[in-house]
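Chemist: Could you build the full structure based on these sequences and the hints that come with them?
Heads up: the sequence lines are chains A and B, in that order. Everything in the first sequence is counted per UniProt numbering, starting at 1 for the first residue and increasing by one. Everything in the second sequence is counted per UniProt numbering, starting at 1 for the first residue and increasing by one.
Treat the hints as calculated values from the structure; they're not laboratory data. Everything numeric in this text was worked out from a predicted model, so none of it was measured. Check before you lean on any hint, since a few could be wrong.
[To be verified] Between beta-carbon pairs, the in silico distance windows are:
{"hint": "1", "chain 1": "A", "residue 1": "Gly-139", "chain 2": "B", "residue 2": "Arg-274", "range": "28 to 34 Å"}
{"hint": "2", "chain 1": "B", "residue 1": "Ser-105", "chain 2": "A", "residue 2": "Ser-166", "range": "44 to 50 Å"}
{"hint": "3", "chain 1": "B", "residue 1": "Arg-274", "chain 2": "A", "residue 2": "His-340", "range": "53 to 59 Å"}
{"hint": "4", "chain 1": "A", "residue 1": "Pro-24", "chain 2": "B", "residue 2": "Gly-123", "range": "29 to 35 Å"}
{"hint": "5", "chain 1": "B", "residue 1": "Ser-312", "chain 2": "A", "residue 2": "Glu-103", "range": "31 to 37 Å"}
{"hint": "6", "chain 1": "B", "residue 1": "Lys-333", "chain 2": "A", "residue 2": "Glu-146", "range": "38 to 44 Å"}
{"hint": "7", "chain 1": "A", "residue 1": "Arg-160", "chain 2": "B", "residue 2": "Ser-44", "range": "43 to 49 Å"}
{"hint": "8", "chain 1": "B", "residue 1": "Gly-68", "chain 2": "A", "residue 2": "Arg-212", "range": "48 to 54 Å"}
{"hint": "9", "chain 1": "B", "residue 1": "Gly-68", "chain 2": "A", "residue 2": "Asp-110", "range": "47 to 53 Å"}
{"hint": "10", "chain 1": "B", "residue 1": "Arg-315", "chain 2": "A", "residue 2": "Ser-289", "range": "23 to 29 Å"}
[Claimed, not checked] Here are a few chain B residues that sit away from chain A, every Cβ distance over 10 Å (derived from the structure):
{"hint": "11", "residue": "Asp-73"}
{"hint": "12", "residue": "Thr-109"}
{"hint": "13", "residue": "His-214"}
Note that CB positions come from ideal geometry on N, CA and C, so glycine has one too.
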Amino acid sequence: MSETTGESGGEALLELSGLKKHFPLTGGLIFKRQVGQVHAVDGIDLTVHAGETLGLVGESGCGKSTTGRLAARLLEPTAGNIRYAGQEIGHASRRGLKPIRAEIQMIFQDPYSSLNPRHTVGSIVGGPMEINGINPAGGVKNRVQELLEIVGLNPEHYNRFPHEFSGGQRQRIGVARALSLNPKLIIADEPVSALDVSIQAQVVNLLQQLQRDMGIAFLFIAHDLAVVRHFSQRVAVMYLGKIVEIADRDSLYTRPRHPYTHALLSAVPEVTEDDEPRERIRLAGDVPSPINPPSGCRFRTRCWKAQDKCATEEPPLVRLEGNKEGHLTACHFPEQPSVHGRDVVLDPALRS
Amino acid sequence: MSTPFLSVRDLTVDFHTEDGVVHAVNGLSFDVEKGTTLGIVGESGSGKSVTNLTVLGLHNPENTTISGEIRLDGDELIGASRSSMEKLRGNKVAMIFQDPLTSLSPYHTIGKQIGEVYRKHKGASRAEARDRAIEMLTRVGIPQPKTRVDDYPHQFSGGMRQRAMIAMALVCDPDLLIADEPTTALDVTVQAQILDLLKNLQDEMGTSIILITHDLGVVANTAHDVLVMYAGRAVERGTVKEVLHEPRHPYTWGLLGSMPRLSSAVDVPLLPVRGTPPSLLNVPPGCPFHPRCDYVKLAGPELCRSERPELSPHRGHGDACYLTLAQKREIHK
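Modeler: Right, here's the structure in full:
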């Protein structure tokens, strides 16, 4: 597997292979029948190694959150395999999943809707321990207070309710809850995008600190390329249910090959200090619908390099010549490995 | 120097709520020159949106107290009559909101919504308004504008809806466009398209723009001048280059230090601002930023805690902090 998923040190903790998730679309008034399906995730291979962070970036609707939910087995895949620590869990039963649930935890985007407003912080953070029948030395309350301290909250606030906390503090409660079962893998789905800039940095620093101290592996899902770069050792770029490029951080951000990666990077608004101009790529239109994705390469409808071959033949995710090991790109006509290339403007309103 | 197109002086906005008085904006002054973009940066609750709703007279008069001056092209807007504000809105001053889906009516076609503004202010006929709507849709880059003009908002994608909003805002050639987080709900590639489009239209039509955002990157790419707001007050003001490259206020340093960049060193922790923003019901006395500031000791704790620093009144690069310029330069290095 390691050849198709990008290399890195450490043993594979989570392996996704050929993973697909299609959601049915139903129509009809009385007799519901399936009229189509949303190809949310359409055949992806990914490996998360123990102790590392794999970043997953892409625009809305590209399937990155669905991938996260599949990895945590909150969803059952339509096809493909999910292996956790060598064990196949893709279609495992509730009972079969129970021992693994504790090791894979999730942090959600919205700190307001992901905490039960009627429970105290103590029962939110201690809940997972009680459900799993874990009795830490010194008691649950002690452990909860310890966790609150780790995430930078006042342990005295054990009896408070979520509404008494600010957004950033609530996200810390979510982190404490995820830590309560000593997980090996945390799936963080946009953990900072609902927070203000100054608070975002606090939470990012906290997560990084935890990873260093506890050696937890992260699948870090976000749309913000700068945050992902800051947090992840390896990064995968998704587009319409497919991985179009995956590489170590340095290769992806300085020597990207896929046109979509180029477009994404050039679109990030940046406060720059150096004067070297970055390439400017402005695509036309929006991402097509995943109900009826384009044939062949899915990016071809917005790509400036698309030719006939792109419509008929799906490009495989492979290592291109000159790329580092583990840097895989799915493109028939890759770009030069640089972010200082020529400008491409496809938007009709901008071309004039 | 010529008189600025929009000039706001000592603007104070208080909301009377059940919990007490919310001091949303507190003694704010700024100028917008003709044909330039002012970026207003701040976190949620810093008063950036309230300021601009006040410029348009869109606040609820029953529970709002406003004082100060807002002069648009020489006319005073505070206390202006309803009918004169109505003449202004959509005609001389227009606004683009964050969420294009909730700010368009789902029951009317895009063309009708764009044309309505034009008919009201210019007295155009239905046919003229429709032609104008098609012209505007072409200008903002909607493909097949002649057929899309009859579509409903739900038939448009997010980026296209925001383009339609821009078309609607610009249909009467306003002199001032207020864009409140115009790209926050959009994907990054679409955001780049929309920001470039705004810049192009500004060059073409000479519109002044107030761009409200929480993203310093957006400001760096789009604005000429920047105003950094914190707890209803302006803490720093200057050109983009001055504020982003030689920032002087500890809060601006905090914002810049919180933001990971594509070119910054990795594996170094970010430098966030500690604590959380204050509640506007209960703004700290003195400098509102002092409970979160690391330099209170250096600047003089007595002063920071008791007396509010003023944003130096002259034009150009200014900030509201008691540190001396030399200290600021030394720290920022």
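Chemist: It remains to establish, for every hint, whether it holds in the given structure.
Modeler: Do the hints match the structure? See the list:
About 31 Å separates the C-beta atoms of Gly-139/A and Arg-274/B, a value consistent with the hinted range of 28 to 34 Å. Between Ser-105/B and Ser-166/A the C-beta distance comes to about 35 Å, which lies outside the given range of 44 to 50 Å. Under the hint 53 to 59 Å, the C-beta atoms of Arg-274/B and His-340/A, about 37 Å apart, miss the expected range. At roughly 52 Å, the beta-carbon separation of Pro-24/A and Gly-123/B lies outside the given 29 to 35 Å, and the hint is violated.
Take Ser-312/B and Glu-103/A: their Cβ atoms lie about 57 Å apart, and the range 31 to 37 Å is violated. In this structure the hint that Lys-333/B and Glu-146/A lie 38 to 44 Å apart at CB holds, the actual value being about 39 Å. A hinted range of 43 to 49 Å is violated for the C-beta pair Arg-160/A and Ser-44/B, which are about 22 Å apart. In this structure, Gly-68/B and Arg-212/A meet the distance hint of 48 to 54 Å, their C-beta atoms being roughly 50 Å apart.
Judged by the Cβ atoms, the range 47 to 53 Å given for Gly-68/B and Asp-110/A is violated: they are separated by roughly 37 Å. Distance hint check: the CB atoms of Arg-315/B and Ser-289/A are about 50 Å apart, inconsistent with the given range 23 to 29 Å. The claim that Asp-73/B is not at the interface with chain A holds, since no C-beta of that chain comes within 10 Å of its own (minimum 28 Å). For Thr-109/B, the non-interface assignment is confirmed: its Cβ lies about 20 Å from the closest Cβ of chain A, beyond the 10 Å cut-off.
Interface exclusion of His-214/B from chain A breaks down, the closest Cβ pair being 6 Å apart, not more than 10 Å.
Consistency with the previously given hints fails for numbers 2, 3, 4, 5, 7, 9, 10 and 13, ordered from lowest to highest.
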